[in-house]
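K.L.:
If you read the sequences in order, they're chains S and V. The opening residue of the first sequence carries number 1 in this note's numbering; numbering runs sequentially from there. The opening residue of the second sequence carries number 313 in this note's numbering; numbering runs sequentially from there.
To be clear, the hints were calculated from the coordinates, so they are not data collected in a lab.
Stretches of chain S that chain V covers, calculated by requiring three or more beta carbons in the stretch to come under 8 Å of a beta carbon on chain V: (1) 87 to 99; (2) 128 to 142; (3) 248 to 258; (4) 276 to 290.
From the three backbone atoms N, C-alpha and C, an ideal C-beta is built for every residue, glycine too.
There are 2 protein chains.
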Amino acid sequence: MTLVVKSGGPAALAEWQAHFAECAPRLDVRGWDDPDLDPEDVRHALVWDPDPGRLVGFPNLRLIISSGAGVDHILRDPYLPPHVPIVRMGGMATVAHMADFVRLGAFALLRDMRRIMANQQNRHWEEFGVPRSSAETRVGVMGLGTLGLPAAVALRDCGFPTIGWSRRRRTIPGVRCYEGPEEFAEFLARTDILVNLLPQTDATRNIIDATSLALLPPGAAVLNAGRGSHLVIEDLIAAIGAGHISGAFLDVFPVEPLPPDHPVWTHPRIVVSTHIAAIPSRRDRARFAASAIAAFERGETPPNLYDPAQGY
Amino acid sequence: MTLVVKSGGPAALAEWQAHFAECAPRLDVRGWDDPDLDPEDVRHALVWDPDPGRLVGFPNLRLIISSGAGVDHILRDPYLPPHVPIVRMGGMATVAHMADFVRLGAFALLRDMRRIMANQQNRHWEEFGVPRSSAETRVGVMGLGTLGLPAAVALRDCGFPTIGWSRRRRTIPGVRCYEGPEEFAEFLARTDILVNLLPQTDATRNIIDATSLALLPPGAAVLNAGRGSHLVIEDLIAAIGAGHISGAFLDVFPVEPLPPDHPVWTHPRIVVSTHIAAIPSRRDRARFAASAIAAFERGETPPNLYDPAQGY
Numbered sequence: 001m002t003l004v005v006k007s008g009g010p011a012a013l014a015e016w017q018a019h020f021a022e023c024a025p026r027l028d029v030r031g032w033d034d035p036d037l038d039p040e041d042v043r044h045a046l047v048w049d050p051d052p053g054r055l056v057g058f059p060n061l062r063l064i065i066s067s068g069a070g071v072d073h074i075l076r077d078p079y080l081p082p083h084v085p086i087v088r089m090g091g092m093a094t095v096a097h098m099a100d101f102v103r104l105g106a107f108a109l110l111r112d113m114r115r116i117m118a119n120q121q122n123r124h125w126e127e128f129g130v131p132r133s134s135a136e137t138r139v140g141v142m143g144l145g146t147l148g149l150p151a152a153v154a155l156r157d158c159g160f161p162t163i164g165w166s167r168r169r170r171t172i173p174g175v176r177c178y179e180g181p182e183e184f185a186e187f188l189a190r191t192d193i194l195v196n197l198l199p200q201t202d203a204t205r206n207i208i209d210a211t212s213l214a215l216l217p218p219g220a221a222v223l224n225a226g227r228g229s230h231l232v233i234e235d236l237i238a239a240i241g242a243g244h245i246s247g248a249f250l251d252v253f254p255v256e257p258l259p260p261d262h263p264v265w266t267h268p269r270i271v272v273s274t275h276i277a278a279i280p281s282r283r284d285r286a287r288f289a290a291s292a293i294a295a296f297e298r299g300e301t302p303p304n305l306y307d308p309a310q311g312y
Numbered sequence: 313m314t315l316v317v318k319s320g321g322p323a324a325l326a327e328w329q330a331h332f333a334e335c336a337p338r339l340d341v342r343g344w345d346d347p348d349l350d351p352e353d354v355r356h357a358l359v360w361d362p363d364p365g366r367l368v369g370f371p372n373l374r375l376i377i378s379s380g381a382g383v384d385h386i387l388r389d390p391y392l393p394p395h396v397p398i399v400r401m402g403g404m405a406t407v408a409h410m411a412d413f414v415r416l417g418a419f420a421l422l423r424d425m426r427r428i429m430a431n432q433q434n435r436h437w438e439e440f441g442v443p444r445s446s447a448e449t450r451v452g453v454m455g456l457g458t459l460g461l462p463a464a465v466a467l468r469d470c471g472f473p474t475i476g477w478s479r480r481r482r483t484i485p486g487v488r489c490y491e492g493p494e495e496f497a498e499f500l501a502r503t504d505i506l507v508n509l510l511p512q513t514d515a516t517r518n519i520i521d522a523t524s525l526a527l528l529p530p531g532a533a534v535l536n537a538g539r540g541s542h543l544v545i546e547d548l549i550a551a552i553g554a555g556h557i558s559g560a561f562l563d564v565f566p567v568e569p570l571p572p573d574h575p576v577w578t579h580p581r582i583v584v585s586t587h588i589a590a591i592p593s594r595r596d597r598a599r600f601a602a603s604a605i606a607a608f609e610r611g612e613t614p615p616n617l618y619d620p621a622q623g624y
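Generate the whole structure from the sequences, applying the supplied hints.
P.N.:
Have a look at this one:
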C-alpha cells in the first residue's frame, strides 16, 4: 500500500519515512513529487495544502489525512474527489498541545504578557500589578469538540472558573455549558477571557465581531486559537481602542502567513503567535495517520472523520 | 493608633487611606513625610525600602509590616530597631498571584514564549512545534513555604508532574518532596523546569550557579521568582550558550531596577519581567496589614512573622 505525503516539503520526506517505518512498517511512503510514483498505487494521502487538481489524479485513493487539525486547505481544491473520506489530524498529542496553548494564552492575558513583552523590548522597569487572579477570572470556551472539551477541562483544573458554549449541549463536570445561538449572549456576558476553539463552518464565520465583543463584560480579553475567519480583527482593534476589550492573543489569521504590514504585529494590546497552538511533532502525526489508516483498512470508521454536513 | 505608610510614594497616600478606612476605620493612617506627624504617635509602619535611620525615630513603634514579600529592603537599615517584629506581606492575594505567575512562567517556558515574542517583534511567521507537552515536563519547585507550597500544588493541578525541594521535608499529595543539601542533586536531575521560590538567606545565596545548572537535565529551563541573589546570571547565560539550558524566565535581579545595559534584556532565550510576580493591589495589602495589626493588638502572633534565626 502506498501513502503519498505532502507536508513539510521534500526535505521532510526522509523523516516521515523513518517515523512510519517505526509505526507502520508495511506502508510504502512516497513524496508528493516523486518522479517514480505510479499514481495508481496511491491508496492514502497525508497532506497539507495540496496543490489543487493533484489528489484527483490518484484513481485508487481511498483516504485523505489532513496534516493539521483543519481541512479547509484540502477543501479549497475544486477538483477534490468527492467520495474520498477526509480525516482531520488529531490524537492525544494534538489535544495535549492545544490544552497547553490555551492555558499559556489564558495566563498570558490574565497577567498582561503583552506589557511584559513591551517592557522587555523597551528595557523599561515597571512594577505593575494586575486586577485579578485566575480564581477571579471566568474563562469561556467556544467550541467543545475534540480540542475544545479537553481545553475547557484543563482550564477548569487550573482554577479558572470555566464555562463553555457549543452548537449542541455538552455536559462537563464543573463547567456550565451553554448551547446554540439563543444562549450565546448569556455565555458572552459571563466571560472574562474568551477562548475560541470552534471549527470553521459557514455558521461560525465572523462570529466574534463588534456585536459579540460588545456583549463581553468591560475589560474582557480574547484568545483565538480556532480559525482566522472566526474573528473580525478590525472589530477587535476598535473594541480595544474604545477601552472595552483589554487585549487579545491571536494564533490564527484570515491570511497566513500574516502579512508583515498587518497592524496586529505591533499592536500594544495584542500578542501574535504564528499558528503554533497545536503542532504535533512529525512522529506524533505519523502515529496518528498510521492508526487512522489501520482503522480504515480494518473496515472501521477512522477517528476525526470530516463530515461535510456539519462542516468539520 | 497611628500607622505610618511608606509605599508607593506620596501620591499613593490617599489611596492607602481610603483602603484602610474600609477595613480598619480606627487606624490613623499617615504619610512617611507628613510634617505634622508626631513620631511618638506611630505604633505601626507599613513600608517598602524605608530610608535608613527613619524607623528608629519612632520610639513607640510596635510592628513593622513589609509592603512586599521580602524583608531585605528593611533589614538593610543599619539603625533598624532590633526588637520590633517584622511581618512579611502575604495573604491570599499574594499567594494567588504568585501561583498564577509561576504557571504563566511554566507554560511560557514549555511553549517557548521567548520565540513567540521575537517572532512578533520581527514580524516573522514561523510555524514551530515544541518537543513536549505539560504532562511530559517535570516541574521542580525550590522552596515550599507560604508561596512555594501553593505554587507547587497549582502546577500539579495543571497536569505538570511536580516535585519540590526545601530545607525541611514537606508532604504534598502528588508532589515528591526532596529535603536539604543531600537531596538537592537528585531533585535537580529530575527537573525539566526549575521554579525558584526560596526565601533570601545566607544559605540560599547563589544557589543556582554553574554547578547546580549542570545537574539539571539537558534542555531544562529556569524560572526565578524568588530573589535575584539566588541566581548567578552569568552562569545561566553560559549554560544557555553551551546549549545545556534551553531558556529562562527571570522576574528578580541582583540590582533592581535592572540596568538598561544589562545583557538579559535582549537575550534571545530569556524572558525578563520586572519583579511583578506577586504584587497584590493596595486594597489587598491594606487588608492584610489591617488583619496583621489587629492580630498583634489582640496579643496574637501575627501571620508571616519574620524569624531572624531562619532568615525569613
